[in-house]
Every structure is written in C-alpha cells, then in structure tokens.
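K.L.:
Residues per chain, in single letters:
Protein chains: 2
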Amino acid sequence: MAGASLALQAALRDVAEEIDRQFDLLLTVPGDSRAPLYAAMRHATIGSGKRLRPLLVFAASRLFGVDRQCAARAATAIEAIHVYSLIHDDLPAMDDDDVRRGKPTVHKAFDEATAILAGDCLHALAFELLADPATHADPFVRAELVGCVAHAAGPAGMGGGQMMDLEAEKSRFDLATVTRLQAMKTGALIACSVEAGLILGRVPPEGRIGLRGYARDLGLAFQIADDLLDVEGDEAAVGKKLRKDAAQGKETFVSLLGRDRAREQAGLLVDQAIEHLQNYGDEADLLRDLARYTLERDR
Amino acid sequence: MAGASLALQAALRDVAEEIDRQFDLLLTVPGDSRAPLYAAMRHATIGSGKRLRPLLVFAASRLFGVDRQCAARAATAIEAIHVYSLIHDDLPAMDDDDVRRGKPTVHKAFDEATAILAGDCLHALAFELLADPATHADPFVRAELVGCVAHAAGPAGMGGGQMMDLEAEKSRFDLATVTRLQAMKTGALIACSVEAGLILGRVPPEGRIGLRGYARDLGLAFQIADDLLDVEGDEAAVGKKLRKDAAQGKETFVSLLGRDRAREQAGLLVDQAIEHLQNYGDEADLLRDLARYTLERDR
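Sequence order for the protein chains is L and W.
For what it's worth, full-length UniProt numbering labels the leading residue of the first sequence as 1, then goes sequentially.
For what it's worth, full-length UniProt numbering labels the leading residue of the second sequence as 1, then goes sequentially.
The reader is advised that the hints may include incorrect statements.
Derived DMTMM-like pairs (lysine to aspartate or glutamate); straight-line CA-CA distance at most 20 Å [as the list claims (entries may be wrong)]: (1) W:K170 - L:E112; (2) L:K170 - W:D138; (3) W:K250 - L:D32; (4) L:K108 - W:E112; (5) L:K108 - W:E167; (6) L:K250 - L:D230; (7) L:K250 - W:D32; (8) W:K250 - W:E169; (9) W:K108 - L:E167; (10) W:K108 - L:E283; (11) W:K50 - W:E18; (12) L:K170 - W:E18; (13) W:K170 - L:D32.
Since the hints were derived computationally from the structure, they do not count as laboratory data.
Same shape as in the complex, but just chain L (with noise of 0.2 Å):
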C-alpha cells in the first residue's frame, strides 16, 4: 500500500476483511459435486484484489449514513461482478493469463469448465444479493441498485468494453476511443460503486452530481496509472502480466500520450476529482486520499 495515508490504509484493511467475511458466509461449499464450483468461486474472490470498488461503496455510503451492513451487501455484490468479469476476461480465449492477484488464474487452477462457470455463478450471485430484503429495506432501493449494477455490467458496459478492447487488437484506436473504451470497461463499475453509496443513501438526483463527477474522473485517473503500471510496474508487487499491450500493438494512454504526458493527466484528473468533493467536509477525506492514492500505488 505505497503512497496509501493511516487512514485510508486502515480502511482499506478493514473493507478487505469485511469483503472476505461477506464472501466467506456466503460461498459455504456444499457436500456435493458443485464443491469445485464453489472453491473456484472462493479461490477468485477471499483473500486478495485492492477492494478499490467496495471501497468506494463504504466511503461514499459513509457520507449519508448508510447503515454498514447495507454498504457491505451491495459492496460485495459490485465485487462479485467485478472478479466475474478478471475471471472471463483471463480465460485462454480472451487475454488468456495465467496469473492474477499473485495467484493461478481460475482457469489455471481448475479448469476452463469451472471458470466459465464460477464467472457466471458469481454474476447471478451478485444480484441475488442486491435484490434480497437484507440489502435494503426499501424495495426501491433494491431495484435501483440492481439496475445500475446491470448497466455498469452489461454491452453498455463492463461487457461492451471487454469487447471493445478485444477489437482494439485488430485495428487502432485514437484518445477518444480509448477514453470511451476504458470508460466503459472500468469506468462504468467504479462510477456505479459511487453511486451504490447515493443509492443507498438515498440522495435525489440534484444531490448526485458532485459525486458522480468525482467518480468519472477517478475512474479516468485509475485506467491511466494502470496503462502506466502496465510499463512501469513491477510483475510480482502488481500480481498479474504485464508490458501485454504493448506486446499485443494495443493503444493506451500511454503509447498515445507518452509517460509524461499521461502522468500529468492522471494528475489532473485527480486534481479534478478532489474538487468535485468541494460541498463536503472531513467525512469526505477517505475519497480524497482514495484519489490521491491511484496515482501512487504499486499494484
């Protein structure tokens, strides 16, 4: 955690703890033959990741006092969604890796089968989770959480991104379609983990607008400090491949801008992002260091 401050490293330990208890309660291996599905599932989703997204679920849900329980919950389903989408995107016909988070990619540690099939489980099991009584009390609430997940997931999403950036390959792609690639393949999940917090809070739209702000331009400012971790970064402290895109003729923001250009914009981005935070107090400092933090981390 370089470059993380006290605070943001203790919460960043606290949320990962909390996530791995979630996810522990809820992949209980059954004694029959779904037991391999199940310790896939557990295998991609306790004990490592950044937990950058439900983070962003409790600290914009700790702005409008959002019980922790319901932050948990929608936290680990927007987590359930997102190591779905590493363990399909790590299958041999997508980027085909071997190692993710420091450990065998699913695929790798069980089969093909298992891992088509963990993705999926975990993507049901994330909306199961958002749409039961537990989550929220107000069935409104639930509703919009799950569509915005869904969204966040779908073509014009996660999925659509995935697939953009599979065509990125085969031809080249300037600033504004990598900007939109990106926002669509990670961007979409990190705004909409932000906006769990809202939801749940249930803050009127008018009351939105600084957060969501805050989100798009983190979201910009994480893929570009990843394209340059993707150069600069160190195999074993990131856990996964890297120096792949370049590898693959892959456009990024770093081969369009260059190192220094797209630090700086990362910079500005970041900058940006703090002052959309503007209408809020101390409460808001764990978003801000969060902010800080994207450009500083080593994995």
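Chain W: place on chain L using the hints.
P.N.:
For chain W alone, coordinates are given in the frame of chain L:
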C-alpha cells in the same frame, strides 16, 4: 409443433413473434467495435427456440390479469438467461456443441471470446430489463423478479446444475441425484417462469401453491422428454446434436429407468401437473395443453 393443440400452436407462434420483437428492440447494433457482440447476441436470441419459458410467463400471467407488456419484458429477461446459458454450455470447454436450434453455435458463427461475452451481456441485460420501471410500476415486484431469476440462474439453480452435469461424466449418479441435478439445471428456470406470472400478478404466498406444483412437475416431465428425445429424436428436427449422454457415459432418466418406464413416469408427472391446476377454469387451458405437449413434441 407436432402434438400441440391449435390453441397452443397459435400461442407458441404469438409468443415467438413477441420475443423476437423484444430482442430486436433491445439489441440495436451500435456503430462501433461492439457490433460483433450485438450481432452474436442477435444470432442467439432472434428467430429460433421453442420459447417454452416465455410461454410459461405469458400463460401464468394471464391467470392474474397481468399487463401483456409487463409479461413480455419479464419473459424476454428469462429467455435471455436461458439463451446465455445455452451459449456458455455449448462452448468447447463445456459441452462443445456446433449446432443449436438448427444454427451454428455462437462460438462457431463468431469466436469463443465473442460467445463468452455475448452470454455475459445477455445475463446482465436480463437483470437490467427486470429492474427497469417499465417492467412493473411497483419496485417490490421488480426486486422480487430479480431475486427469483438470480436465484434460478446461480449456483443453487442453473449454474450449480450445469456444474453437477459436468461432474456426471466422472461419476455414476443414481436416480435421486439425476433428479436433483435436473431440478437445478432446467427445473429452476422453468419454475421461475411460472413464478414470474405469480409475482407480476402480486399473488400472495398461499395462492402460489398450485402453480408451483404444476411448474415442478412440468419441469421434470420436460427433462424426461428431453432425455427420450436424445435417444429417439431426429437431429434435424431437434436442431442440436443428439445421442451425447450415452457417448459420454452420463446417467439420464432413460438410462436409469429404461425408455418405457421413463415415458410412463413423464406421463404421470404431466397428469399430476394438470391436477395442480384444478382451482383454475378455462383460462388455464393453455398451461394444460402445454403440459400434454411436453410428451408429444419432436424438438
């Protein structure tokens, strides 16, 4: 549609047209590099399929005066879940099938990565559709639909059943285990299709017992008929590769009971399903016809 009554034939045609129209509206191909993703989703969803699950949603909804547009959206969402599961089950790492519904499977017509993503995107779209206020004005109904479908799709339903099915090649299952496997793999989403009508109709729990019994018996009868078709059917009519279970050494209702007893058992289940409808008059004739058709169908 051999064996279907005239009323059922007309209903199947109407439902097929309606579902095609819904998917056509939902899946407008965008003018960017996501076009193959949308083309793949259209290939899998439009112009084929028995539409058994949508018909169940419509037929159950009709008993409670549900608005046809609400039923159509719920039916489309459930069919999207069914189609996504077919796309993923057909992948080389899973059942490795080349033909589905008389057409090349998605990974054959496109490629594996596109097939995985098309399945994932249909999965997300289903929940986006259900959570949308256009599906029902009452958010409680929307959240209940999401919970029902997500549970039926996940590790306690279809996903778990498919995992058990993959394991079935490795171990010898008895009749109780095969029954449980099929109740999860196909029964859960069939039951959920009927339940969607109950949810949309805001039927209280005590009013749901009869239709739930119908759905449970119908689902099992349908699967036994599927196992019989796998042994006796014509590949061109059924539109997929047959005789796979025996080749893979998988136990089925037919391998465990023999053809005659399997057919007899399915007949008993159909009678039992129809008995569960005793509290309904003519308005449930479509459900009765559908139960009888289960055994007569040639695809």
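K.L.:
For each hint, tell me whether it holds in the structure or not.
P.N.:
To see whether the hints hold, each was checked on the structure:
Between K170 of chain W and E112 of chain L the alpha-carbon distance is near 16 Å, which keeps this suggested pair within the 20 Å criterion. For the hint pairing K170 of chain L with D138 of chain W, the CA-to-CA distance comes to about 46 Å; that exceeds 20 Å, so the pair is violated. With a C-alpha separation of about 17 Å, the suggested pairing of K250 of chain W with D32 of chain L holds against the 20 Å cut-off. Distance check on the hinted pair: K108 of chain L and E112 of chain W sit about 18 Å apart at the alpha-carbon level, within 20 Å; holds.
Distance hint between K108 of chain L and E167 of chain W is fulfilled; the C-alpha atoms sit about 18 Å from each other, no more than 20 Å. Proximity of K250 of chain L to D230 of chain L is assessed by CA-CA distance (about 12 Å); at most 20 Å being required, the pair is judged to hold. In summary, the hint linking K250 of chain L to D32 of chain W is supported, as the alpha carbons are separated by about 17 Å, within the 20 Å threshold. Taking the CA atoms of K250 of chain W and E169 of chain W, the gap is near 5 Å; set against the 20 Å cutoff, the hint holds.
Note on K108 of chain W and E167 of chain L: the hinted pairing holds, with a Cα-Cα distance of about 18 Å set against a maximum of 20 Å. A C-alpha spacing of about 53 Å is found between K108 of chain W and E283 of chain L, which places the hinted pair above 20 Å, so the restraint is violated. Among the hinted pairs, K50 of chain W with E18 of chain W is consistent with the structure: their alpha-carbon atoms are about 13 Å apart, no more than 20 Å. Among the hinted pairs, K170 of chain L with E18 of chain W is inconsistent with the structure: their alpha-carbon atoms are about 37 Å apart, more than 20 Å.
Our distance criterion of 20 Å between C-alpha atoms is met by K170 of chain W and D32 of chain L, whose separation comes to about 13 Å.
The structure is inconsistent with the numbered hints 2, 10, 12, although it conforms to all the rest.
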